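Undergrad: Sequence order for the protein chains is A, B, C, D, E and F.
In case it helps, the numbering used here puts the first sequence at residues 1 to 280.
In case it helps, the numbering used here puts the second sequence at residues 1 to 280.
In case it helps, the numbering used here puts the third sequence at residues 1 to 280.
In case it helps, the numbering used here puts the fourth sequence at residues 1 to 280.
In case it helps, the numbering used here puts the fifth sequence at residues 1 to 280.
In case it helps, the numbering used here puts the sixth sequence at residues 1 to 280.
Don't read these hints as lab results, they were simulated from the structure.
Just so it is clear, the structure is predicted and the values come from calculations on it, not from any experiment.
Treat the hints with care, since some could be wrong.
Identical chains share a label here; the pair holds if one copy fits it or two copies do between them.
[Said to hold, decoys possible] BS3-like, lysine-lysine: derived pairs with alpha carbons at most 30 Å apart: (1) Lys34 x Lys54; (2) Lys165 x Lys80; (3) Lys170 x Lys116; (4) Lys170 x Lys81; (5) Lys42 x Lys165.
There are 6 protein chains.
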Amino acid sequence: MNLNLVRPLIRGALDEDVGRGDITSEALFPSSLKGRAQIVAKEEGLLAGVEVAKEVFRLSSSGSMKFSRSLKDGDLVGPKKAVLIMEGGASSILRGERVALNFLSRLSGIATLTRKYVDLVKDLEVRILDTRKTSPHLRVLEKYAVKTGGGVNHRFGLDDGILIKDNHIKICGGVGEAVKRARKNLSPLLKIEVEVENLAQLEEAIAAGADIIMLDNMGKGKMREAVSRIRSHEKHILIEASGGINLENVRNVAETGVDFISVGGLTHSVASLNFTLEMM
Amino acid sequence: MNLNLVRPLIRGALDEDVGRGDITSEALFPSSLKGRAQIVAKEEGLLAGVEVAKEVFRLSSSGSMKFSRSLKDGDLVGPKKAVLIMEGGASSILRGERVALNFLSRLSGIATLTRKYVDLVKDLEVRILDTRKTSPHLRVLEKYAVKTGGGVNHRFGLDDGILIKDNHIKICGGVGEAVKRARKNLSPLLKIEVEVENLAQLEEAIAAGADIIMLDNMGKGKMREAVSRIRSHEKHILIEASGGINLENVRNVAETGVDFISVGGLTHSVASLNFTLEMM
Amino acid sequence: MNLNLVRPLIRGALDEDVGRGDITSEALFPSSLKGRAQIVAKEEGLLAGVEVAKEVFRLSSSGSMKFSRSLKDGDLVGPKKAVLIMEGGASSILRGERVALNFLSRLSGIATLTRKYVDLVKDLEVRILDTRKTSPHLRVLEKYAVKTGGGVNHRFGLDDGILIKDNHIKICGGVGEAVKRARKNLSPLLKIEVEVENLAQLEEAIAAGADIIMLDNMGKGKMREAVSRIRSHEKHILIEASGGINLENVRNVAETGVDFISVGGLTHSVASLNFTLEMM
Amino acid sequence: MNLNLVRPLIRGALDEDVGRGDITSEALFPSSLKGRAQIVAKEEGLLAGVEVAKEVFRLSSSGSMKFSRSLKDGDLVGPKKAVLIMEGGASSILRGERVALNFLSRLSGIATLTRKYVDLVKDLEVRILDTRKTSPHLRVLEKYAVKTGGGVNHRFGLDDGILIKDNHIKICGGVGEAVKRARKNLSPLLKIEVEVENLAQLEEAIAAGADIIMLDNMGKGKMREAVSRIRSHEKHILIEASGGINLENVRNVAETGVDFISVGGLTHSVASLNFTLEMM
Amino acid sequence: MNLNLVRPLIRGALDEDVGRGDITSEALFPSSLKGRAQIVAKEEGLLAGVEVAKEVFRLSSSGSMKFSRSLKDGDLVGPKKAVLIMEGGASSILRGERVALNFLSRLSGIATLTRKYVDLVKDLEVRILDTRKTSPHLRVLEKYAVKTGGGVNHRFGLDDGILIKDNHIKICGGVGEAVKRARKNLSPLLKIEVEVENLAQLEEAIAAGADIIMLDNMGKGKMREAVSRIRSHEKHILIEASGGINLENVRNVAETGVDFISVGGLTHSVASLNFTLEMM
Amino acid sequence: MNLNLVRPLIRGALDEDVGRGDITSEALFPSSLKGRAQIVAKEEGLLAGVEVAKEVFRLSSSGSMKFSRSLKDGDLVGPKKAVLIMEGGASSILRGERVALNFLSRLSGIATLTRKYVDLVKDLEVRILDTRKTSPHLRVLEKYAVKTGGGVNHRFGLDDGILIKDNHIKICGGVGEAVKRARKNLSPLLKIEVEVENLAQLEEAIAAGADIIMLDNMGKGKMREAVSRIRSHEKHILIEASGGINLENVRNVAETGVDFISVGGLTHSVASLNFTLEMM
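So here's chain A without its partners, still in its complex pose (with noise of 0.2 Å):
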């Protein structure tokens, strides 16, 4: 991950949170004083976000803050095993505290949910996406957190991919017409993808060159039609199911033979992964 693009978004954290300053430390001690504490997980997960948090505190210490030892992102955590040991100013560790736990608690549950989904398909040819149903402002980072996960991003926003979607073809009036419109005004340095709701849609957007097709809330036995229909046709196609996904049918789903899976609750519905932090 690319600190230098999140950074602002974590002083904005900071600042939130932090506002016109601590009072209660400022009232406890003074802010001379020095202090060592560890952040530990309070429950089994995977680890995401661990340089966001060290990023928090280096911010919060004013580049102070000495880490003298840390897990890393994609490693298992636990009740047991210390994530992080620091050692600086404990009025920056403390301001700091709620911030960088309540990144990493998201952003490892991010993680820790994505790596169940791709666990449970990953004898299978198939990949797990995420969606742009992220928490707002927080986009980049949840979506490293899915990868951290072992899931594949998705695009990232409305001007890094094309994805024609149910309104999108009610305006142009069809499936066909909206792809059609999109090859002629769009440049070919970018896939076109379109998102199909029945087998005919989905005929008209294979005739009208789609590269990608997206089956949106199809059952198991359409949507097993939908891509031996496509692999009939056309090679290059590639396909994604979307739509009402979650643990329990994920298996199901990737048993159709599409290539992507996409799962929305990755990051719109995912609980925390617990962190503490304590003073040694």
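Take the given structure of chain A and dock chains B, C, D, E and F to it, following the hints.
TA: Showing chains B, C, D, E and F alone in chain A's frame:
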């Protein structure tokens, strides 16, 4: 909610999603095309964030979007009823779609969950509190959603409330010493809250003059005893229960007689409420 | 003081003064020239803001300025003694000169004035409070200077304290009604302060359960009576005197027995303390 | 004054005061409540900043505040006459109150003080100048207030005027050398001002071709002699008196025949003019 | 073009030019003076940026400027015909003049130049591409101008397209290895482009499965051979010619049969189209 | 050049290019990989912007890039000689490559062109001036490049110099009236420049006391006459020639005896100097 306060946040979320432009819509239809759309919930829940969603579309349309119908925050929503109907530039609608839904889904998810907690204890003299375990950058909005669901907001940051926690106590060498320092160095204009983990700490806290005592991770029996000791000493002290509280055990905790129960999961582990936007 | 918090403010002040560059220094000597300089007070007073001044030069020199000697905030200063001696790029020193002196002069002016008020009442159980009548953008710094001078900070903004004032009372239709609404709609985690102008309002405030009562613009006699009524009712209520207080009358007000005296002039009408920077 | 220029400054001041929201007003009345209010001066003075005050309320109300009456900058104000009457959301009025008054009080204080200096020398061919000793971030506004009071603005920053001061002279090794370097390295599109402390430096400055000479901290006799030497040499040179000038001695200084008198105290040690806002 | 996206850029350009205020206009006429003005091209060319110019004046007038007539981007302009007629505050017009003309001149210069390239190859199946050699901060606008002139936009940044260049190849140890790593680590949702300098690299690129091949700085003969090898292997591969292309040689390059020709000079070495603003 | 001033501009340019991350490099090699690279000019010219380029890499590497060799601005560059050699993270080098080259190419292009103009008139008492026809956001840098090439900077914005142009004159009703108003309303601390198009206007300008006269778009004969009239009247007046000046006619214009020649093309129509970055 004060929209002035959150407008920069909403603008930032739009910037994050739109980036250098919505390349799909630009390729499919002229930017002068007008459209009409509705937002509908795909499951039942409590609405929160509708003014945020409207502001997203105001910003994506430079103020030209018209809203012909809108439910209000706190209303119940479900699959049959439009939450919001809007009319304006089709490209402005699609540019705002995902961002508006992301805000609406998360905030309504929080409000819906908070309402569940509140309902479970509504016959008792106890209130549900949030924490600072919020999504970075979204604290003001997420705490607003908690309030919409009937919860009460705890402090918004390190600067607007005094809360002496375990790490402070370790640094000061004890609960009593910590509260005493706070009393001495802070003006009496603010209440002093302190976290205690056992009855010995509790006695120190009472003796040192804490205004609010947080009972952290106590079992039901110990918590009941703690409440009774506080009530026998000093009527003015407020009591907060904290740590590991969920929908299963919140009723038990409430019955111990505490004034407040804080639930981190209200904001750190919430499932989004599912909304969709449909061009009409 | 938390420099992270005020760094953007200091950078903005440098931008304001330096604009597109220091055209005089650029014309007179090479940017590689090194220099040494001291800051000296030209009159006696109480120092505040020396860390701000140092940060100005750190920013103007991209971190390369060295400080070989420095007094501390709260120290007495006068014409004979260097407040700060620095060594670094001559152009960095001159680029920071005016901004550093402007901060230092205003903050030390405030600290010096606050100390005068504090000294006048130091044998009494009363504390000097500041107000929100601060220079736009400088509130955190000016309140820090008040604290350096021995004063106590009242709320920092509309968001970290409840103060029901004359306009609120007019809107609510009375002191009692206003306090009642606050009690109902706000959590008991915060103290409620209310401004009263006469004894009738005072009785309402006590009856409605105010935590802090501000006696606004009362004469000495009426104030004394107000204090005695409050003390006879309810020991927990804190009393603040406010309105038209200056160095001449502060002692009189203090002798009425109030807990706090707030003085707007600490920050809205203060004479700068005169400092100068000399290349050595 | 160009409001575009100061709008970000005003927005920042509102952010500083309102922070996460006006918790008192939110608790006391619905945000839909309308109100009417007037601003009145509590003492006599010269008005400056009324457009800034109006912009505060425009921003606090997202543009919906209506102003039914308003005095203009440069008008005399006093206790009997409304400066500004506004109508709009009551919460918007109260959210803007303190910020608007803080701007208005400081700017009118500066204009009122400047007018006193100007009046003391108005029969003479001399003009009152401000300095860069302004409140950080408020320079454009404070210099506007000086102009409103009849003063003349000296340079706004290090980038829009050349002023060779004592520290530059020390670095260059003399007044003559400094002016010579400036002449050589700067285009003749800008005038060169140099500070001199005695008659020897004055002769050097004249010989080297300074366009403006600042007589720094000279007694009346020496200043008179300096003026006469300059006038005898070279008609084009402008003369500025500077250093320790106050309401008591400004007339004396003016009578020496200088063209300009600069007064730091116009902006660094000014008493606010007292205004109040009343809901009607 | 999405004005929301470029508004901050336009505001920044106005801030850069206006700084602390337009001192000339302020001295010459009252800010209430109304005026009317037209913008006219002083030479023939293709218009681009007229909406940007209008936004400049909207911002300089806080939204009060009226436009009574306006050509559209893509129109031909010349000395006789007004591009834009506006009516509003005279000081707002003059405050925006230079910034509006600077945008208009550069963007129209780019569109005019692009059109020349496009016209030279318009009977062939080839398209003119831009590069990332744009003016810092103006990329979105300059690429928009390229599109207005009939060109096609290549990637907007390092984040929305994969282009393996000479330095990447050196790091990876060869074209084949580089493309292989990209294939493995990137999802197939994006096309992979690789730069090759000779036929050996070309074979590696084809073998490794590149989607787009850039022929960098090849002579006409070698380029023709490269095209023929690619076409014989694999129909899906797109071909881009790059390096040292100008108005003299673009036709020759096009005739080799490539799909795209990228021209850095479209944005890095363009002559402005001359426009003027006249008060009417 | 003051890097503090341009650092935000450089950071913004990096943000523009890197966006959400360099997806190509991330896919090809680990972020821990170290590398070494040099920047070389591909044609001969005058170097400008090397400190900007270094700052780009400092920012892209969070300060960890090392520069082992560097030419200085104003040095001649050409194909054989490294301009800059750096060592650090390979991904940091590639992330900064395009942005650094874009700055370096444009600034060196400007410096190289300016030097050509300066050389053509170097035996005469005349200086080459730039204008405000610069790339939006890059004015400070582009004017620095002009200075590096031996030119002189005219004003940087509307706020640091007075220039009465044709539109002002039309509004005021004549050159004389315009200059008179400027004289009255502006302090004599600034010089007044006025643009004249013919000899009648010239006489008015002289009579009204202009300090600098710009001869706009005059033929050589008329310009010569204008110069002679000004010189016969008034030695102090500076003369600037402006309008349609290029490398072909600059010598002719210079020989009329003007003090300054302003050339818009120095910044609005300049060819970039070609640089490349090579991993070593």
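Undergrad: Hint compliance check: list the failing hint numbers for this structure, sorted ascending.
TA: Number 3 - this is the single hint that the structure violates.
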